Amino acid sequence: MPTPFAKSDTVPYDDLEVEKRERVNHVAKRLGTALRKTVKNKRKAKIAIGGNGLGKLMQVKIGKLQKYYTRAIRSSDSVDGMRKSIWASYKHCASTNQHSQHEDCP
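Just so you know, the sequence shown maps onto residues 1298 to 1403 in this note's numbering.
Hints listed in this document are in silico derivations from the structure and should not be mistaken for laboratory results.
Accuracy of the hints is not assured; some may be wrong.
Derived Cβ-Cβ restraints for the label pairs, each shown as a range [what the hints assert, rightly or not]:
id, residue 1, residue 2, range
1, Asp1377, Lys1343, 36 to 42 Å
2, Lys1334, Ala1391, 16 to 22 Å
3, Ile1346, Asp1374, 15 to 21 Å
4, Lys1343, Asp1312, 54 to 60 Å
5, Ala1342, Arg1320, 17 to 23 Å
Treat the numbers as computed from the prediction; the structure is a model and nothing was measured.
Cβ coordinates follow ideal geometry from the N, Cα and C atoms, glycine included.
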């Protein structure tokens, strides 16, 4: 299983190695915070993300996106695999009966 830490390849100092680590949960939390903030700002402007009613971006959907995002990062062994998994989770959540987007789902 891949580690939940990412190592930076930059070397800012010649004689000292610095290892930067970001927790996956922290990154997922930032995603959720950004989505909630966007929904709040759009609501003030009287704009509903995802339309009105069914399919609207709400707290439950944001929680699912965070969970899928975390799984995509942890289960991927490469950046391309991670990107593909993240987009697959987004398309899965945005899919409807009229416009199915499950081609990237595992």
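Broken hints, by number: 3, 5
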